[in-house]
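With the sequences and hints as input, model every part of the structure.
Line by line, the protein sequences are chains P and V. Position 85 of the first sequence, counting from 1, maps to 85 under our numbering, and the rest follow consecutively. Position 101 of the second sequence, counting from 1, maps to 1101 under our numbering, and the rest follow consecutively.
By construction, these hints were calculated from the structure, which means they are not laboratory data. Since no wrong hints were added, every one of them can be taken at face value.
These stretches of chain P come out as covered by chain V in the derived footprint (C-beta under 8 Å, 3 or more residues):
| hint | region |
| --- | --- |
| 1 | 34 to 44 |
| 2 | 85 to 97 |
| 3 | 105 to 112 |
25 Å max Cα-Cα, derived SDA-like pairs, lysine to any residue:
| hint | chain 1 | residue 1 | chain 2 | residue 2 |
| --- | --- | --- | --- | --- |
| 4 | V | Lys1056 | V | His1075 |
| 5 | V | Lys1056 | P | Gly98 |
| 6 | V | Lys1056 | V | Gln1009 |
| 7 | V | Lys1057 | V | Val1028 |
| 8 | P | Lys11 | V | Leu1086 |
| 9 | V | Lys1070 | P | Thr104 |
| 10 | V | Lys1056 | P | Glu95 |
| 11 | V | Lys1096 | P | Pro75 |
| 12 | V | Lys1057 | P | Val96 |
| 13 | V | Lys1057 | P | Tyr101 |
| 14 | V | Lys1070 | V | Thr1051 |
| 15 | V | Lys1096 | P | Ala50 |
| 16 | P | Lys11 | P | His41 |
| 17 | V | Lys1057 | V | Thr1084 |
| 18 | V | Lys1070 | P | Leu45 |
| 19 | V | Lys1096 | P | Tyr64 |
| 20 | V | Lys1096 | P | Val60 |
| 21 | V | Lys1057 | P | Ala100 |
| 22 | V | Lys1056 | P | Val96 |
| 23 | V | Lys1096 | P | Ala51 |
| 24 | V | Lys1096 | P | Gly58 |
| 25 | V | Lys1059 | P | Thr104 |
| 26 | V | Lys1056 | V | Glu1005 |
Only a predicted model underlies this, so the values are computations on that prediction, with no experimental measurement involved. Virtual Cβ for every residue (Gly too), placed ideally from N, Cα, C.
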Amino acid sequence: DAGITQSPRYKITETGRQVTLMCHQTWSHSYMFWYRQDLGHGLRLIYYSAAADITDKGEVPDGYVVSRSKTENFPLTLESATRSQTSVYFCASSEVAGGAYGYTFGSGTRLTVV
Amino acid sequence: TQLLEQSPQFLSIQEGENLTVYCNSSSVFSSLQWYRQEPGEGPVLLVTVVTGGEVKKLKRLTFQFGDARKDSSLHITAAQTGDTGLYLCAGERGNKLVFGAGTILRVKS
Chain P
1 DAGITQSPRY KITETGRQVT LMCHQTWSHS YMFWYRQDLG HGLRLIYYSA
51 AADITDKGEV PDGYVVSRSK TENFPLTLES ATRSQTSVYF CASSEVAGGA
101 YGYTFGSGTR LTVV
Chain V
1001 TQLLEQSPQF LSIQEGENLT VYCNSSSVFS SLQWYRQEPG EGPVLLVTVV
1051 TGGEVKKLKR LTFQFGDARK DSSLHITAAQ TGDTGLYLCA GERGNKLVFG
1101 AGTILRVKS
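Right, here's the structure in full:
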């Protein structure tokens, strides 16, 4: 399928466990982003990547790790999940920096940490 | 504190009414975008405005970028139930997008 795909759609995990959220895009966009969405806060940037093997921190990176060995994949790992990381996570991609042409978002992963 | 403040946070109106949603900041942005998000889905881009004072129309939706490129508004004429959703503004800063908290719009039939 063309587009940007996130998996899983829903995940429940226990505090302290490691969990990885997957993101795959088929456009070969250079830029990829991970956001979390929480009520009252909107979308907050966790990490972003300008190209394969180039990643950088966003606004709320603590407790998260990313990698980008291939252009099309940008997984997000919670090393030791905490309840405060319960959220909806969105992956996005863009052809250019700054998103002047807009970001394309996946459908999200709803993560619950119990 | 949000870099981009959206107002109102919630809006419930009857079908056929007009409405305006605001996105304000004390910072200047290279561009500003509006997205619409439906439950269980990711945001979808509606429009990008780049030039101060720019006005763009998308059917019944009118978007305006402030002259100083610090604020924007979204006006919907004759709202329909299909306009229901979360409207997000996003400003371009440092090659990244910063999002407002959003306006939840409910259009009742």
